[in-house]
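Asker: Here is what each chain is made of, one letter per residue.
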Amino acid sequence: MIDLLKAFLLGGVICVIGQLLIDLTKLTPARIMVLFVVCGVVLGLLGIYPCLVDWGGAGATVPLTGFGNVLAKGVMKDVDEFGFLGVFTGGVKAAAAGITAAVTFGYIIAITSKARIKK
Amino acid sequence: MKKPISKHEYQKLVEKKAPGSHVVRNLFAAFFTGGLICTVGQGIMMLVKSFGADKDTVAAVTSITMIFLGAFLTGINVYDEIGKFGGAGASVPITGFSNSIVSPAMEFKKEGYVMGVGAKMFLIAGPVLVYGIFASVVAGIVYFIWKQVM
Amino acid sequence: MAKRLGQQTIVLDKQPIVLAGAAIVGRKEGDGPLAKYFDEVVDDEYAGEKTFEAAESRLMRDAFIKALEKSGKAAKDINVILSGDLLNQCTAASYAFRDSDTPYLGLFGACSTMSESMLIGSILIDSGAADYVACAASSHFCSAERQFRFPLEYGSQRTPTAQWTVTGAGTVILGKDGQGPRITCVTPGKIIDEGIKDANNMGAAMSPAACDTIVQHLQDTGRSVDDYDLILTGDLGSFGSAMLRELTVRNHIDLKSKHNDCGMMIFDLARQGVDCGESGCGCSAAVFSAYILEQFRLGLLKRILFIATGALLSPTRTQQGETIPGIAHAVCVEA
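Chains as they are written, first to last, in the working numbering: chain B, 134 to 252; chain E, 896 to 1045; chain Y, 35 to 369.
Bound conformation, chain B alone:
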């Protein structure tokens, strides 16, 4: 139960940072998404993000920064295993499930549904 609450709090705080950037800096949502992923990679490399994941669980893995963290984690793992080649294989390998799921579901949903106007 406490894990759910922690996820709620951490996830909420990360999103609030995003909202602050939107409202106060006029950054577009697309730029903020890019910024978050890159931040996730950097924090993952520095070993800071894994601490957040330990504390907040999905509150840290579900936001896009978590996706960046996965990329960093993957690339470091492959560098450990395969040396320099791992630089090229690690990131996408670790993110494979997410990317493939996005393409697959995206395609299926897109061809079966229709865009409607907002009321």
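Don't take each hint at face value.
In silico DSSO-like pairs for lysine-lysine, Cα to Cα no more than 27 Å straight-line [claimed, not checked]:
#1 K912/E - K210/B
#2 K1042/E - K159/B
#3 K979/E - K1005/E
#4 K37/Y - K231/Y
#5 K912/E - K159/B
#6 K944/E - K139/B
Partial list, derived from the structure: chain E residues whose beta carbon lies under 8 Å from chain B [said to hold, decoys possible]:
#7 P899
#8 H903
#9 P914
#10 F926
#11 F927
#12 I959
#13 F980
#14 V987
#15 K1004
#16 G1007
In short, the hints are calculated from the structure, not lab data.
Backbone N, C-alpha and C fix where the C-beta goes; we use that ideal spot for every residue, glycine too.
Start from chain B and add chains E and Y according to the hints.
Answerer: Chains E and Y in isolation, oriented as in the chain B frame:
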């Protein structure tokens, strides 16, 4: 005709008079929406874990499920409403990433399955992958060098 | 023959007549305060077509047919159609009129298209080049969103100064003779760019152009605000209108209660959740063709200045960091 106000003055005036966002309301909405989505993710994680899956499987299944949920809610025309309410609370979680992939694919279906759905799918999410993957390569190189030095 | 008066104003000798107008709008517009004036409200955003672009063309064509019907003219009486919209290559207009079997001139003036077409149309009639002209403009929320912003289903928030693109089309038929209000003079506007970059704040980008045209028109004609019952700007929205007041005051012109804006009339801003009002070629086109003409018919208006305003915005150029040029054309309509 004599200009009563300079370009610079006008831009200043517009900036001063423009109505601001409802920052406090938006922050609460983002906190609540983002928090809730992450709680759902945590619930899925705990559920998958209870089946005895290992850590990597739990993480993968959770993100696949969340991506599905985002795509599904987009398909039934709901996610844009969540986004309108929650702002960053809806676009920062992985469900928002999914929304940013499905929504252009749906929209551009009329331009065909190859140049419409296929080409436009990553219209918004493309940069996330480009910069995410590129950052991971840079991170990998930094890590590699750091390992050599240490 | 038309004569130039002052710097930019053109006085029309024959005073072309606005024979009839028709407007067809979407569901949200049909839920607004002007609902009862529109000829038709189309609930389906696809208007029975497969795409939003086709739907927009459909609205435009239907408004044209409706206006013809009301004017008692046939398509073959029309010497030229002057029309435009917001989409690349004026897609909605050219596809709307491809089967009309009538000479067609496509215009791009962004949201100023309606007054631009009326301005050119009335000069054509005044010069004797045409007897009857159709002036039309349209916009569609969904086709504009996908061209200028995000896909419909993308979850994003609008900034407080963002305007809502109207789904609708309006057509007026101008003629050399007949019954209706007359176009007595017109003032084509200059492109004015005061350096606004935010594509979500088009009102602020257009109001300097609106101000410039109003000031020029009053100066050329020697008239004052009091000579008009209504100074109707295109679609500045609430913020753009506030900026227009700031600017006119600096030019020593008090708009008093004479000013209204099409962009604040179609929707009930608070109730319908459109923060700052509406925009789109269809906005001023529908308001003028339906509501304003009806006010003339009822004798409630004697002389108005109709100034549709356009943000000549290009997504490509704004992405390249360019600012947004604005334009406004004035048409003086008298009972």
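Asker: It remains to establish, for every hint, whether it holds in the given structure.
Answerer: Against the structure, the hints come out as follows:
| no. | hint | in the structure |
| --- | --- | --- |
| 1 | K912/E - K210/B | violated (52 Å) |
| 2 | K1042/E - K159/B | violated (39 Å) |
| 3 | K979/E - K1005/E | holds (25 Å) |
| 4 | K37/Y - K231/Y | violated (37 Å) |
| 5 | K912/E - K159/B | holds (16 Å) |
| 6 | K944/E - K139/B | holds (17 Å) |
| 7 | P899 | violated (28 Å) |
| 8 | H903 | violated (19 Å) |
| 9 | P914 | violated (12 Å) |
| 10 | F926 | holds (4 Å) |
| 11 | F927 | holds (7 Å) |
| 12 | I959 | holds (4 Å) |
| 13 | F980 | violated (12 Å) |
| 14 | V987 | holds (4 Å) |
| 15 | K1004 | holds (6 Å) |
| 16 | G1007 | violated (11 Å) |
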